[in-house]
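Place chains P, G, W, F and B with the ligands on chain Y using the hints.
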Amino acid sequence: MVELGKYAGTVLAAYGVTVLLVLGLVALTLTKGARVKRALEAQEKRMSKNG
Amino acid sequence: MTALLLRDLTLALRAGGGFGLSLAFFLIVTILVPFGVGPEGGTLGRIAPGILWVGALLACLLSLDRIFALDHEDGTLDLLATAPIPLETVTATKALAHWLTTGLPLTLAAPVLGVLLNLPVPGFFWLTLSLALGTPALSMIGAFGAALTVGLKRGGLLLSLLVLPLYIPTLIFGADCVRRGVEGLPTATPFLMLVGITLGSIAILPFAAAAAIRVNLR
Amino acid sequence: MTALLLRDLTLALRAGGGFGLSLAFFLIVTILVPFGVGPEGGTLGRIAPGILWVGALLACLLSLDRIFALDHEDGTLDLLATAPIPLETVTATKALAHWLTTGLPLTLAAPVLGVLLNLPVPGFFWLTLSLALGTPALSMIGAFGAALTVGLKRGGLLLSLLVLPLYIPTLIFGADCVRRGVEGLPTATPFLMLVGITLGSIAILPFAAAAAIRVNLR
Amino acid sequence: MSIWEYANPKKFMQTSAWALPWVTGLAVVTLVAGLIWGFFFTPDDFRMGSTVKIIYIHVPAAIMATGTWFMMLAASLVWLIRRHHVSVLAAKAAAPIGTTMTLIGLFTGAIWGQPMWGTWWAWDPRLTAFLILFLFYLGYIALWEAIEDPDTAADLTSVLCLVGSVFAVISRYAVLFWNQGLHQGSSLSLDQEEHVADVYAWPLWVSIIGFGLLFVSLVLIRTRTEIRKRRLRALEARERMA
Amino acid sequence: MELTVTDLSIARGGLPVLTGVSLRLGPGRALVLRGPNGIGKTTLLRTIAGLQPPLSGSIGLPPEDIAYAGHADGIKPTLSVTENLRFWARIFGTGDIAPALGAMDLVALAERPAQSLSAGQKRRLGLARLLVTGRRFWLLDEPTVSLDVASVALFAGAVRAHLAQGGAALMATHIDLGIAEAEVLDLTAFRAASAAPAPGGFDEAFA
Amino acid sequence: MELTVTDLSIARGGLPVLTGVSLRLGPGRALVLRGPNGIGKTTLLRTIAGLQPPLSGSIGLPPEDIAYAGHADGIKPTLSVTENLRFWARIFGTGDIAPALGAMDLVALAERPAQSLSAGQKRRLGLARLLVTGRRFWLLDEPTVSLDVASVALFAGAVRAHLAQGGAALMATHIDLGIAEAEVLDLTAFRAASAAPAPGGFDEAFA
Ligand code: HEM
Ligand SMILES: Nc1ncnc2c1ncn2[C@@H]1O[C@H](COP(=O)(O)OP(=O)(O)OP(=O)(O)O)[C@@H](O)[C@H]1O
Ligand SMILES: Nc1ncnc2c1ncn2[C@@H]1O[C@H](COP(=O)(O)OP(=O)(O)OP(=O)(O)O)[C@@H](O)[C@H]1O
Ligand SMILES: [Mg+2]
Ligand SMILES: [Mg+2]
Numbered sequence: 001m002v003e004l005g006k007y008a009g010t011v012l013a014a015y016g017v018t019v020l021l022v023l024g025l026v027a028l029t030l031t032k033g034a035r036v037k038r039a040l041e042a043q044e045k046r047m048s049k050n051g
Numbered sequence: 001m002t003a004l005l006l007r008d009l010t011l012a013l014r015a016g017g018g019f020g021l022s023l024a025f026f027l028i029v030t031i032l033v034p035f036g037v038g039p040e041g042g043t044l045g046r047i048a049p050g051i052l053w054v055g056a057l058l059a060c061l062l063s064l065d066r067i068f069a070l071d072h073e074d075g076t077l078d079l080l081a082t083a084p085i086p087l088e089t090v091t092a093t094k095a096l097a098h099w100l101t102t103g104l105p106l107t108l109a110a111p112v113l114g115v116l117l118n119l120p121v122p123g124f125f126w127l128t129l130s131l132a133l134g135t136p137a138l139s140m141i142g143a144f145g146a147a148l149t150v151g152l153k154r155g156g157l158l159l160s161l162l163v164l165p166l167y168i169p170t171l172i173f174g175a176d177c178v179r180r181g182v183e184g185l186p187t188a189t190p191f192l193m194l195v196g197i198t199l200g201s202i203a204i205l206p207f208a209a210a211a212a213i214r215v216n217l218r
Numbered sequence: 001m002t003a004l005l006l007r008d009l010t011l012a013l014r015a016g017g018g019f020g021l022s023l024a025f026f027l028i029v030t031i032l033v034p035f036g037v038g039p040e041g042g043t044l045g046r047i048a049p050g051i052l053w054v055g056a057l058l059a060c061l062l063s064l065d066r067i068f069a070l071d072h073e074d075g076t077l078d079l080l081a082t083a084p085i086p087l088e089t090v091t092a093t094k095a096l097a098h099w100l101t102t103g104l105p106l107t108l109a110a111p112v113l114g115v116l117l118n119l120p121v122p123g124f125f126w127l128t129l130s131l132a133l134g135t136p137a138l139s140m141i142g143a144f145g146a147a148l149t150v151g152l153k154r155g156g157l158l159l160s161l162l163v164l165p166l167y168i169p170t171l172i173f174g175a176d177c178v179r180r181g182v183e184g185l186p187t188a189t190p191f192l193m194l195v196g197i198t199l200g201s202i203a204i205l206p207f208a209a210a211a212a213i214r215v216n217l218r
Numbered sequence: 001m002s003i004w005e006y007a008n009p010k011k012f013m014q015t016s017a018w019a020l021p022w023v024t025g026l027a028v029v030t031l032v033a034g035l036i037w038g039f040f041f042t043p044d045d046f047r048m049g050s051t052v053k054i055i056y057i058h059v060p061a062a063i064m065a066t067g068t069w070f071m072m073l074a075a076s077l078v079w080l081i082r083r084h085h086v087s088v089l090a091a092k093a094a095a096p097i098g099t100t101m102t103l104i105g106l107f108t109g110a111i112w113g114q115p116m117w118g119t120w121w122a123w124d125p126r127l128t129a130f131l132i133l134f135l136f137y138l139g140y141i142a143l144w145e146a147i148e149d150p151d152t153a154a155d156l157t158s159v160l161c162l163v164g165s166v167f168a169v170i171s172r173y174a175v176l177f178w179n180q181g182l183h184q185g186s187s188l189s190l191d192q193e194e195h196v197a198d199v200y201a202w203p204l205w206v207s208i209i210g211f212g213l214l215f216v217s218l219v220l221i222r223t224r225t226e227i228r229k230r231r232l233r234a235l236e237a238r239e240r241m242a
Numbered sequence: 001m002e003l004t005v006t007d008l009s010i011a012r013g014g015l016p017v018l019t020g021v022s023l024r025l026g027p028g029r030a031l032v033l034r035g036p037n038g039i040g041k042t043t044l045l046r047t048i049a050g051l052q053p054p055l056s057g058s059i060g061l062p063p064e065d066i067a068y069a070g071h072a073d074g075i076k077p078t079l080s081v082t083e084n085l086r087f088w089a090r091i092f093g094t095g096d097i098a099p100a101l102g103a104m105d106l107v108a109l110a111e112r113p114a115q116s117l118s119a120g121q122k123r124r125l126g127l128a129r130l131l132v133t134g135r136r137f138w139l140l141d142e143p144t145v146s147l148d149v150a151s152v153a154l155f156a157g158a159v160r161a162h163l164a165q166g167g168a169a170l171m172a173t174h175i176d177l178g179i180a181e182a183e184v185l186d187l188t189a190f191r192a193a194s195a196a197p198a199p200g201g202f203d204e205a206f207a
Numbered sequence: 001m002e003l004t005v006t007d008l009s010i011a012r013g014g015l016p017v018l019t020g021v022s023l024r025l026g027p028g029r030a031l032v033l034r035g036p037n038g039i040g041k042t043t044l045l046r047t048i049a050g051l052q053p054p055l056s057g058s059i060g061l062p063p064e065d066i067a068y069a070g071h072a073d074g075i076k077p078t079l080s081v082t083e084n085l086r087f088w089a090r091i092f093g094t095g096d097i098a099p100a101l102g103a104m105d106l107v108a109l110a111e112r113p114a115q116s117l118s119a120g121q122k123r124r125l126g127l128a129r130l131l132v133t134g135r136r137f138w139l140l141d142e143p144t145v146s147l148d149v150a151s152v153a154l155f156a157g158a159v160r161a162h163l164a165q166g167g168a169a170l171m172a173t174h175i176d177l178g179i180a181e182a183e184v185l186d187l188t189a190f191r192a193a194s195a196a197p198a199p200g201g202f203d204e205a206f207a
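From first to last, the protein sequence lines stand for chains Y, P, G, W, F and B. Counting in full-length UniProt numbering, the final residue of the first sequence is number 51, and the numbers go up one at a time with none missing. Counting in full-length UniProt numbering, the final residue of the second sequence is number 218, and the numbers go up one at a time with none missing. Counting in full-length UniProt numbering, the final residue of the third sequence is number 218, and the numbers go up one at a time with none missing. Counting in full-length UniProt numbering, the final residue of the fourth sequence is number 242, and the numbers go up one at a time with none missing. Counting in full-length UniProt numbering, the final residue of the fifth sequence is number 207, and the numbers go up one at a time with none missing. Counting in full-length UniProt numbering, the final residue of the sixth sequence is number 207, and the numbers go up one at a time with none missing.
In the DSS-like style, the derived pairs of lysine-lysine whose C-alpha atoms are separated by at most 27 Å in a straight line are:
#1 Y:Lys49 x W:Lys11
#2 Y:Lys45 x Y:Lys32
#3 Y:Lys37 x Y:Lys49
#4 Y:Lys37 x W:Lys10
#5 Y:Lys37 x W:Lys11
#6 W:Lys10 x Y:Lys32
#7 W:Lys10 x Y:Lys45
#8 Y:Lys49 x W:Lys10
#9 Y:Lys45 x W:Lys11
#10 Y:Lys32 x W:Lys11
Simulated from the structure, these hints should not be mistaken for laboratory data.
Isolated chain Y, as found in the complex:
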């Protein structure tokens, strides 16, 4: 483990915030992508069935 010294809080907070923000963005991107994909497939199936 690296020794962060008296600035440990600062460094870890910076990395923490970054990881949180990036993970938030990724999670949003993936969930929304999956939701839209599912909705589109359902819609296509319904419409090609009903003509």
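Frame of chain Y; chains P, G, W, F and B with the ligands shown alone:
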């Protein structure tokens, strides 16, 4: 009443205007002031309580015309006036919806913006507290002003003009509360006055607002 | 084009909203700030140039949605788009009308309000000059923002959000011009930049605004 | 075959489906490598102590924040001139990524500033310019959200992006003129950075590339989502018409 | 319970518009107000709805039994058709909106945001609102503006059904609604004479 | 000079509404557009007026010869009737507004602010605007909404006079305008059909 509240909140969300935008305005006023005043931290910190309160007040003010104007234009107010709920309930509900979409988010955002203006640390507690207790008065007074000007085409600026003098006591006590908090002076007097104004507004103004709307619908 | 200008001015006068109200708003912001900040003359004088510029900017901002929104609602914009004058002329004319009803009165009133904020004497000249040269840019940028948001119900706050970042350079150079004037520093750079922004906006933005309106009418 | 072929939604969906796993995988590898290298295997700075490690996220985020805006500007121009839907949808997809990167830059800077400058926030020109950039992103996203019709929204946001870029450049200059600031004169100046170059610079470059690949991967995913949304909307509407 | 209007005088912009209007409207009846543009139909309906005070005369009916529909529909463009209707149903404390949707042929449009409706579709939504009020007296100001022939027939059917359930309707219109059983009241006869002012008679200036 | 529309497809909200519309309108002719609510009359008129682009097809006529009047009248409530009209006369570079005032029976109302007009009077003012444009092709969207019988006749007279001077009019309406010589085009036949989508066919999603 719940129906009306829910609808107003939905509309605020749908229009994309409710929460986000008055918050954004608050943010932007807070940002503009340093550009105008200059970047020195000391000066900024000294004027921060006042500027933050003025900013919150203006952000509140700008969203006031949403309270009744749209409902008047599209005839909803006519229809509500002939509906089975009293107009007093309507005005109080709409003020509440306004607070939920404006005053509450402003209160929550204010500490963050305090950082931008170098607000001294003890100020943060008092800023949040005074805004939480003062913004309901702003919404209720604003709803009254909006009711007075509802029939007028683009009453927006007239509304500001009417409402701002009414806002001054709230502003004075609110900002003073924060300033004294920052300087470590006793805050009891402005604090109690602030609470008094809020309670008084909520008790009386729904009736005045309803009366104003009745007159304006004629 | 003269017809449009005259009509806009008449409307501003008739509605009782044009000159009087944005001026009044400017006045009230200038009054609110001492209430918020506290009455010490020294601090006030120091922040006066910035507050006056920010106040003028907000007063301008609040009247922006008048530029196109009413004409869109009642169908005038549709009819103007099929009329024999180019939309670029329409947008430029409307920005001009906005300046005549807002920027010009603000410029004239600013020195008076400067007294309220203890603005040091050399500041008055620079305040008037910088506002006179900067407010046309505010009107033109505002007209562009108004054109972007014209179709949207209550685009008011969105409009503020879009326009404020665009206003920042004008504000910085304008307020800096006054601040340097007060302190006796050379003012040439901010002054020239201010003029440059104004000329650039007037040269380019009418086209962007007309394009935005065409898109919005679809 | 011209490059514009990829502006066809169908072609784009095929190509991006093929490229996505590779880009994403590479992004994860470089990002993790760069950050681990930087975090665990670089020495502390003599003056800034361990806070120097923040540079491996701060600088890439700052670069991506401005870079994203340039990408949006280019994409908007392509839309306005050639009217390729994919291009404007990519701009729309990129905006939240740019916003996040701006926020990361701001937050890490603020956290870094607390021990270094003794304040969370100072009106330093670089910081200020970032704040303004953040506002531009907000405005751009808000305009997209506010407009119902997708083509109208595409046109208007593109015009806003164009005009906004011009003003962003002016703002940058204005802000520099207005305040000389702390950032440049801070404890780690540019030439010092170059002095210590090798120890800090190599991992820094790796994380910059990692952030860039992450951006590409996210833009691809989000653009695919936007295209699907667009089609979904059209299909739903068509179904209602029938 | 009847709607009775006795010797009513009404004003618009401070000027008398109609004088001496009397009418009564019992359950199951419909009355059509006619008269040229500007005679005062809108003003009369708003007065009866309690939205503005009469100059003189009396209106017998508690306002709690009236549903008013004016030139403007009170439709929120960002809410869907269902959401718009459901809001009014909750305000008026009535329950189900499905019959109203059906009666005005809005089922296919139910999930559309109101802003994407055409002029006539919007109007149909405005009329559907009446059906969820549960009120007995309908005051309608030009209800069929922008409606096509089929929709006018739909509307006439809704009015007839309302009358059959003991409701009543007072409607201002210029076109034929196709409701044969409706009585007609022409307001031309009640136009207020604009008398020359008596010199020094300041009283009437404040009427 | 003729107005020719060839094989036009138009869209609203990104969706095709009408396809394959062709029509021609020569000087002295009037054409009435009919069709149920929501078929796309408003959209068609706006497209021909150049306010929105067509999906495909062509429109032959420089936009400088068109006067459009939509659902909204473009009337400023605080300006008087004369001021409203004179503004449009100056914008279109024509001179005298007296004939227009006379033709629409507005002389008695000339000095009234437009906000104090009744619904029908406002509409008459909106129609008077057409007469001061000096344009030859009138595109009218439900011009007679809110008008009483006498005013509809007035309007019909104005249209006839316009046709006699070599003008032309294209009107969308649901009611009978009393212009016997007008041809009628029913738009129901041109309603856009919707085909089933090909899975993964992203091209068409951007119609
Ligand atoms: C909210 C605050 C901050 C923002 C928005 C910000 C923004 C930026 C930007 C835009 C860059 C340029 C990247 C490039 O062009 O290569 C940068 C670089 C850098 N920043 Fe910050 N910064 C902030 C605070 C800080 C603080 C507090 C420190 C340290 C005390 C710091 C240290 C650095 C260093 C060392 C670099 C890289 C060297 C250089 O390019 O000059 N920053 N930052
Ligand atoms: N503020 C005002 N000042 C003076 N007269 C007014 C004012 N407002 C309206 N009027 C007049 O009052 C009369 C009644 O208007 P009202 O809207 O009731 O007519 P209406 O019968 O509904 O007409 P329409 O069939 O055209 O809708 C009209 O002649 C109108 O011009
Ligand atoms: N944003 C939108 N999204 C989807 N469909 C829309 C949108 N806006 C309008 N429509 C639909 O487009 C069609 C055409 O509307 P348009 O206003 O042209 O009809 P219209 O023939 O003028 O009808 P009316 O006689 O009722 O005025 C309508 O069915 C309407 O519901
Ligand atoms: Mg009427
Ligand atoms: Mg229509």
